[in-house]
Structures are given as C-alpha cells and as structure tokens.
Amino acid sequence: MQLHSLTKSPLILLRFLVDKGTPNMHINKITILVRDIDAAIRFYREALGLTLIEDSLMSGFKRIVRLATSDSSTAFNIANPRQGDESLVGRQAGDRVFVFIDTFDLDRDIQRFQQNQVAIFDGPRTEDFGRCLIIKDLEGNKWEFVERR
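Count the sequence shown with my numbering and you get residues 1 to 149, in order.
Quick caveat, the hints were computed from the structure, so don't treat them as lab data.
Note that the Cβ used here is the ideal one computed from N, Cα and C, for glycine as well.
Some hints here could point you the wrong way.
[As the list claims (entries may be wrong)] Restraint-style ranges between C-beta atoms, simulated for each label pair:
no.	residue 1	residue 2	range
1	104	62	34 to 44 Å
2	59	86	20 to 30 Å
3	37	84	16 to 26 Å
4	37	100	19 to 29 Å
5	83	104	20 to 30 Å
6	83	59	31 to 41 Å
7	85	27	34 to 44 Å
8	129	60	43 to 53 Å
9	115	37	42 to 52 Å
10	26	62	20 to 30 Å
11	89	55	39 to 49 Å
[Said to hold, decoys possible] Dumping the calculated DMTMM-like pairs for lysine to aspartate or glutamate here, alpha-carbon to alpha-carbon at most 25 Å:
no.	residue 1	residue 2
12	29	139
13	62	95
14	29	128
15	62	105
16	136	147
17	62	128
18	62	122
19	136	46
20	62	102
21	62	144
22	29	46
23	136	105
24	62	107
25	136	122
26	136	95
27	62	147
28	29	95
29	29	127
30	62	38
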C-alpha cells in the first residue's frame, strides 16, 4: 500500500504509523449480501448515512456497488448472494453484531434511524466505553453504533 492512499483518512494514517506488526494492511471491503441491491443502496445511504462510492457494471454483467462511512476507511460491497447462499442473507454473523460503527453523535444517528423507520434492536444504553445502540438493517444484520467517551 502506498502512503498517499493512507492520507485520505487521518485515522488510517495513525493506525498505519502505530501498528508496527502489519503496517501494510487494512480492511478494504466487507461484503454484505442483500436480496435487492437498489433497496439496499437506499437504506444504507438514507437510514445509515453511508456514502455511495461506486455503482458500476464489470464486464457488462456483474454489478459492483460499494458504500463507505464518512472516513472512507472501509467500504461495504453490496452483493446478491450466489446460488446456494441465499440463507446467509441477514445472518452473516449468526445472531451476533455484524458491524460496529464508531460515531461522534449517537443522538443524530438515532434521529435519522427514527425518521427512516430503522428497527432498533437494543438501546440506547450507557456502558463503560460510552453510549451504544444496536439496529437491524433491512436484511436483519445487526449493526452497533457506539459513541465513545
């Protein structure tokens, strides 16, 4: 990885400089299986506040859709399941939280969730590390939003 790609986010650059064990690694993309890509794009943009960074066709038939958080450190690849993988939609982490998101304003996020009828699974609650809330996305995957102290 070249340094210029790391400077897009101060957090990534800091992690790169601090982590001596694997200074040339970071998580690039995480795939989320969905039944309806267009509905997923709307949900992740409007309800979760993610940014659409790519929506294109590869070789004329495979749709590539990527969304990211505001710091763009990790992208979410939105894809339909392959044949035989349909049962994994919404259960990619079993019954555990699938994605953890650090936020600077949980109250703002809660307001956006309520405006978009997002299913709140647990919280908000206060823990030693800060305030948190678990929601379910349109497929049932659990996402935990954490406002750290």
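Verification of the supplied hints:
The hinted window of 34 to 44 Å between residue 104 and residue 62 holds, with their beta carbons roughly 36 Å apart. The hinted window of 20 to 30 Å between residue 59 and residue 86 holds, with their beta carbons roughly 23 Å apart. Checked against the hint of 16 to 26 Å, the pair residue 37 and residue 84 passes, with Cβ atoms roughly 19 Å apart. One distance hint, 19 to 29 Å for the beta-carbon pair residue 37 and residue 100, holds here, with the actual separation near 24 Å.
Taking the beta carbon of each, residue 83 and residue 104 are about 41 Å apart, not inside 20 to 30 Å as hinted. Between residue 83 and residue 59 the beta carbons are some 19 Å apart, a value that contradicts the proposed interval 31 to 41 Å. Taken as a hint, the range 34 to 44 Å is violated for the pair residue 85 and residue 27, whose Cβ atoms sit roughly 21 Å apart. Separated by about 47 Å at the C-beta atoms, residue 129 and residue 60 satisfy the suggested range of 43 to 53 Å.
Our hint of 42 to 52 Å for residue 115 and residue 37 is violated, since their Cβ atoms are close to 23 Å apart. With their beta carbons about 25 Å apart, residue 26 and residue 62 fall inside the hinted range of 20 to 30 Å. Checked against the given bound of 39 to 49 Å, the beta carbons of residue 89 and residue 55, roughly 20 Å apart, lie outside it. Between residue 29 and residue 139, the direct Cα distance comes to roughly 19 Å. Compliance with the 25 Å bound is thereby established for this hinted pair.
With a C-alpha separation of about 30 Å, the suggested pairing of residue 62 with residue 95 is violated against the 25 Å cut-off. In summary, the hint linking residue 29 to residue 128 is not supported, as the alpha carbons are separated by about 30 Å, beyond the 25 Å threshold. For the hint linking residue 62 to residue 105, the alpha-carbon distance of about 36 Å lies beyond 25 Å, and the restraint is violated. At most 25 Å may separate the alpha-carbon atoms for a hinted pair to count; residue 136 and residue 147 meet this at roughly 18 Å.
Taken as a hint, the residue 62 and residue 128 pair is broken in the structure, with Cα atoms around 44 Å apart against an allowance of 25 Å. For a cut-off of 25 Å, the pair hint linking residue 62 to residue 122 is broken: about 36 Å separates their Cα positions. A threshold of 25 Å between alpha carbons decides the hint, and for residue 136 with residue 46 the separation of about 14 Å falls inside it, so the pair holds. A C-alpha spacing of about 31 Å is found between residue 62 and residue 102, which places the hinted pair above 25 Å, so the restraint is violated.
As the CA atoms of residue 62 and residue 144 are separated by approximately 30 Å, the hinted pair breaks the 25 Å bound. Note on residue 29 and residue 46: the hinted pairing holds, with a Cα-Cα distance of about 20 Å set against a maximum of 25 Å. Of the supplied pair hints, the one linking residue 136 and residue 105 holds, its CA atoms being roughly 19 Å apart against a limit of 25 Å. In summary, the hint linking residue 62 to residue 107 is not supported, as the alpha carbons are separated by about 38 Å, beyond the 25 Å threshold.
Restraint check for residue 136 and residue 122: the C-alpha separation of about 9 Å stays at or below 25 Å, so the hint holds. Distance hint between residue 136 and residue 95 is fulfilled; the C-alpha atoms sit about 11 Å from each other, no more than 25 Å. The hinted pair formed by residue 62 and residue 147 fails the criterion: a straight-line CA distance of about 37 Å is larger than 25 Å. Straight-line distance between C-alpha atoms of residue 29 and residue 95 comes to about 22 Å, which keeps the hinted pair within the 25 Å bound.
For the hint pairing residue 29 with residue 127, the CA-to-CA distance comes to about 29 Å; that exceeds 25 Å, so the pair is violated. Annotation: proposed proximity of residue 62 to residue 38 holds, straight-line Cα distance about 14 Å (limit 25 Å).
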